[in-house]
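Colleague: The primary structure of each chain is shown beneath.
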Amino acid sequence: MSINTEKLGIVLQNFVTATSDVQGAALVTPDGLPLAATLPGAMDEERVSAMSAAMLSLGERIGQELGRGGIDRIYVEGDQGYGILTSCGDDAVLLVLADKKAKQGVLMLEIKRAVSEIKLILM
Amino acid sequence: MEIMRLVVTGPVGAGKSTFIRSVSEIEVVDTDRQATDETAELKPKTTVAFDFGRLQFGSEMALHLYGTPGQSRFDFMWDILIRQAHAYILLVAAHRPLEFRYARRIASFMNQRRQVPMIIGLTHTDLPTSWQAENIAIALGYIDPQDCPPIVTVNATEQVSVAQAIITLIQHSMQTNLVNAGKP
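As given, the protein sequences belong to chains A and B, one line each in that order. The letter at position 48 of the first sequence is residue 48 when you use the numbering used here, and the numbering goes up by one with no holes. The letter at position 170 of the second sequence is residue 170 when you use the numbering used here, and the numbering goes up by one with no holes.
Quick caveat, the hints were computed from the structure, so don't treat them as lab data. Values in this document were obtained by computation on a predicted structure and should not be read as measured data. Think of the CB as a built atom: it goes at the ideal place given N, C-alpha and C, for glycine as much as any other residue. Please note: incorrect hints may appear among the correct ones.
To be verified - Beyond 10 Å from chain A on every Cβ pair, some chain B residues (computed): (1) Glu2; (2) Met4; (3) Ser22; (4) Thr31; (5) Ala49; (6) Arg73; (7) Arg104; (8) Ser108; (9) Gln115; (10) Ser130; (11) Asn135; (12) Ile143; (13) Pro149; (14) Pro150; (15) Ile151; (16) Val152.
As the list claims (entries may be wrong) - Below 30 Å or equal to it, Euclidean Cα-Cα: the simulated DSSO-like pairs (lysine-lysine) are: (17) A:Lys119 x B:Lys45; (18) B:Lys43 x A:Lys112; (19) B:Lys43 x A:Lys119; (20) B:Lys45 x A:Lys7; (21) A:Lys7 x A:Lys100; (22) A:Lys103 x A:Lys7.
Next comes chain A alone, as it looks inside the complex (with noise of 0.2 Å):
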């Protein structure tokens, strides 16, 4: 069966429209080319879905090689937002980009709302 592209972008649309700060969403293969994406104006999806895939490739690694384990998230946090990166099974990641005023805790709780429903789409 194929994956339904159509579903994912609808999916991640609402996700950045209805989730407050958020600014973007991108879903992308694990070797960095863009499934889904709703990204703020000035970003190409091609080279966020390549950061995306790089960054937790590396994780990935940290994880493995100094023992901590499978990695659930990374987590980059600027001064002006965050960048989260969150893994949707073997086939997908999906990164969100969020506004420095963003409440973590409701942050995480539609993240992981959005990567089951995410997972269904892929299955």
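Let chain A serve as the given structure and place chain B on it in line with the hints.
Modeller: Then chain B, alone, in the frame of chain A:
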């Protein structure tokens, strides 16, 4: 102990990861992921961040080898890696002429950011469709042999061959640094 950082770059499937695996004394830190783009036609897995290997070179020098991803969507990694590099080798598969232009693009990307010594390593030279070194040099834009960086033939799967290429790179790097030091 002195650390020399060498970058191994080139198009997809040129043999960058294999090159580093052949000589590294530590288990290579790789970031391979299953390929889903056109890379999948060449090989099942592709590097998405970098490969890292280490090699002791004499008692005074340690070589740190960094392999880049091949696809241009990872050019931010090319940028990160070349900024720290002391020298680099551009690997080019001699039997894939359609990629020469792309290899040239990688080289100019690197040269725009950093002026570090470089050499060209030709892989897959044992095939009937492989191009001759001098023709590849021209295809890569080195029309005048005087300006052409050293070209070596590498079998990325063979430790001796890779070590030879690395020695050539280090020699070239030292010579270039000497020449530059002599300039006012």
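Colleague: Which of the numbered hints are not met once you compare them with the structure shown?
Modeller: 4, 5, 6, 18
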